[in-house]
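K.L.:
Those protein sequences? They're chains A and B, same order as listed.
For the first sequence, numbering that gives the first Met the number 0 assigns the number 0 to the initial residue and increments by one for each residue that follows.
For the second sequence, numbering that gives the first Met the number 0 assigns the number 0 to the initial residue and increments by one for each residue that follows.
Source of the hints: derived by calculation from the structure; they are not laboratory data.
A few of these clues could be false.
Said to hold, decoys possible - Over 10 Å on every C-beta distance to chain B, these chain A residues come out as not near it, computed from the model:
1) Glu25
2) Glu47
3) Leu56
4) Asp87
5) Gly96
6) Glu102
7) Gly118
Said to hold, decoys possible - Chain B is nowhere near these chain A residues, computed Cβ spacing over 10 Å in every case:
8) Lys46
9) Ile53
10) Val82
11) Ile104
What the hints assert, rightly or not - Computed Cβ-Cβ distance ranges for the label pairs, DEER-style:
12) B/Asp30 / A/Glu131: 23 to 33 Å
13) A/Ser100 / B/Asp140: 40 to 50 Å
14) B/Ile107 / A/Ile135: 28 to 38 Å
15) A/Leu56 / B/Gln50: 43 to 53 Å
16) B/Leu51 / A/Leu56: 41 to 51 Å
17) B/His161 / A/Val73: 24 to 34 Å
18) B/Asp140 / A/Arg105: 44 to 54 Å
19) A/Gly118 / B/Asp57: 30 to 40 Å
20) B/Asp163 / A/Ser100: 17 to 27 Å
21) A/Arg105 / B/Asp30: 37 to 47 Å
A virtual CB, placed ideally from N, CA and C, is assigned to each residue, including glycine.
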Amino acid sequence: MLKLRLDEARLTGSGGERAAGKRVSEMTVKDLCGRLGWNLICGSGEKEVSGCYIGDLLSRVMGNCGESDIWITVQTSRNMIAVAVLADAAAVLLPEGIHVSEEVIRWAEQEDVTLAGCGTSAFSAAVSLAGELGMI
Amino acid sequence: MMEELSLNILDIVQNSIAAEGTKIEIGIEEDDAADRMVIRIKDNGRGMSPQLLAQVEDPFVTGRTTRKVGLGISFFKEAAETAGGSFHIGSQLGKGTWVTAEFQKSHIDRQPLGDVAGTLTSLILLNPDIDFFLNYRVNDDTFDFSTEEIREQLGGGIKLSHPDVISFISEYLSEHLRALNGGVGI
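Chain B on its own, in the form it takes in the complex:
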């Protein structure tokens, strides 16, 4: 397990990037009435064969034989299952991979979500040509973010990794995610 779920997200997204994904969607959903938290990550990368998919949750296969994947999936699965939740990974060759981790939100062993704004900002900074989407829902409130929209507003010529753009994205994300959570860290 890792100390923050946002580190798990970072790890899984790095797999997506390694699999040549160009469009990466991150969904976070918190439902207090159902005591549930769900994290979804979906990419349009090269996907996995059914054989690799069947083995990918095994830390020995992922950690040692196929170095490119890493322990990320095993850790994320463990984080979900330790917190009374479940984990699912699906993939199709040529189409992409999708991961869903579900947690009992109030479970004592659920790791904190951590710095989602910071995680996404660093991913954008390091991969300015990838399209990232974030859909973050807390009960009835939703926040949507897409690098595509920002790119449209910027027009051609300016990279998302430009320092001014990055600092704008960082503030924009922090502000909206704080508002979504009623100013309370989770």
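Just chain A, with the same shape it has in the complex:
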């Protein structure tokens, strides 16, 4: 129900409209990894994605990252995993080929956080994500 309303809002909103009848956000993290060449580091990637939040200041992320957003950050601390859980992000995407330690991957697995990585900047990742979600 909520999902449907979200799509409608997007369909009728200014800019980024798509032809009515076309489903907008039906993409999972796994789908996006396949389509955009992101590396699925850990997690099932089954969560559906509806948007994106970019930020590294964890206190701001807590208040602004929406659930089912892809959160793009350069943070690789245990606090990052905690904030991903609190925000209920669809996945955390680490841009610029940032290295994640085995320890962080283990924490993410324990807390059921999906981690992905890409070689591009946060900006390009967000732009291609917006394209896949039919927002641009």
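Fit chain B to the given chain A structure using the hints.
P.N.:
Then chain B, alone, in the frame of chain A:
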């Protein structure tokens, strides 16, 4: 991390208040020769058991199991360690808790201190019966502030949260902290 260290201070002091502290001491020390900034917070609250203390820096323990503590400690520790510094928390049941965060002052990732005067003023406004102490040292200059002293001057009957008292405290703190920092924001 948070955008200003004064928000970290606010968070830690809220833990102290939640732990029924009635006397809360905040110390800030800036030493340019040593390129160091130290923030200390100490309370006389109920303190923590060694078991809780050992877990308290873990965001999962603090953020999810024991809601009363929050992510404040994890964020403060991260802020210090990201800025070439260190973090320590000590506590004793029935005695209180003390937190020390040390930063390399010039480190590019050190967050700005932010509005200490505003932070302390709001803490006093919301908790007029708690005794707050501030010791702020910048190199050789020191500023000391205590709500106890203000309370003595006011005599009984007038609360620290009285609007006139609060606006006095706010101006007094802003003025002295500005003077301490040579009028430059940090």
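K.L.:
Taking the hints in turn, state whether each one holds.
P.N.:
Each hint tested on the structure:
1. Its beta-carbon lying about 31 Å from the closest one in chain B, A/Glu25 satisfies the requirement of being farther than 10 Å from that chain.
2. Every beta carbon of chain B lies more than 10 Å from that of A/Glu47, the smallest distance being close to 24 Å; the non-interface claim holds.
3. For A/Leu56, the shortest C-beta to C-beta distance to chain B comes to about 6 Å, within the 10 Å cut-off, and the non-interface label is violated.
4. Residue-level check passed: A/Asp87 sits 13 Å from the nearest beta carbon of chain B, beyond 10 Å.
5. Residue-level check passed: A/Gly96 sits 20 Å from the nearest beta carbon of chain B, beyond 10 Å.
6. Taking the minimum C-beta to C-beta distance to chain B, about 13 Å, the non-interface status of A/Glu102 holds against the 10 Å cut.
7. Distance check on A/Gly118: its Cβ is at least 24 Å (rounded) from any Cβ of chain B, clearing the 10 Å threshold; non-interface status holds.
8. With 10 Å as the threshold on Cβ separation, the claim that A/Lys46 sits away from chain B holds: the shortest Cβ distance comes to roughly 19 Å.
9. The beta carbon of A/Ile53 sits about 15 Å from the closest Cβ of chain B, which is more than 10 Å, so the claim that it is off the interface holds.
10. Once the 10 Å rule is applied to beta carbons, A/Val82 is inconsistent with being away from chain B; the minimum gap is 8 Å.
11. Residue placement check: A/Ile104 keeps its beta carbon more than 10 Å from all beta carbons of chain B (closest about 16 Å).
12. B/Asp30 and A/Glu131 have their C-beta atoms about 51 Å apart, which leaves the hinted 23 to 33 Å range violated.
13. Take A/Ser100 and B/Asp140: their Cβ atoms lie about 43 Å apart, and the range 40 to 50 Å holds.
14. The beta-carbon spacing between B/Ile107 and A/Ile135, approximately 34 Å, falls within the hinted interval of 28 to 38 Å.
15. At roughly 31 Å, the beta-carbon separation of A/Leu56 and B/Gln50 lies outside the given 43 to 53 Å, and the hint is violated.
16. Against the hinted window of 41 to 51 Å, the Cβ-Cβ separation of B/Leu51 and A/Leu56 comes to about 28 Å, which falls outside the hint.
17. In this structure the supplied range 24 to 34 Å is violated for B/His161 paired with A/Val73, their Cβ-Cβ distance being about 47 Å.
18. As the Cβ distance of B/Asp140 to A/Arg105 is approximately 48 Å, the hint placing it in 44 to 54 Å holds.
19. Distance hint for A/Gly118 and B/Asp57: a CB-CB separation of about 32 Å, consistent with the stated range 30 to 40 Å.
20. The hinted range of 17 to 27 Å is not satisfied by B/Asp163 and A/Ser100, whose Cβ atoms lie roughly 55 Å apart.
21. Distance hint for A/Arg105 and B/Asp30: a CB-CB separation of about 39 Å, consistent with the stated range 37 to 47 Å.
When held up to the earlier numbered hints, the structure conflicts with 3, 10, 12, 15, 16, 17, 20 and fits the remainder.
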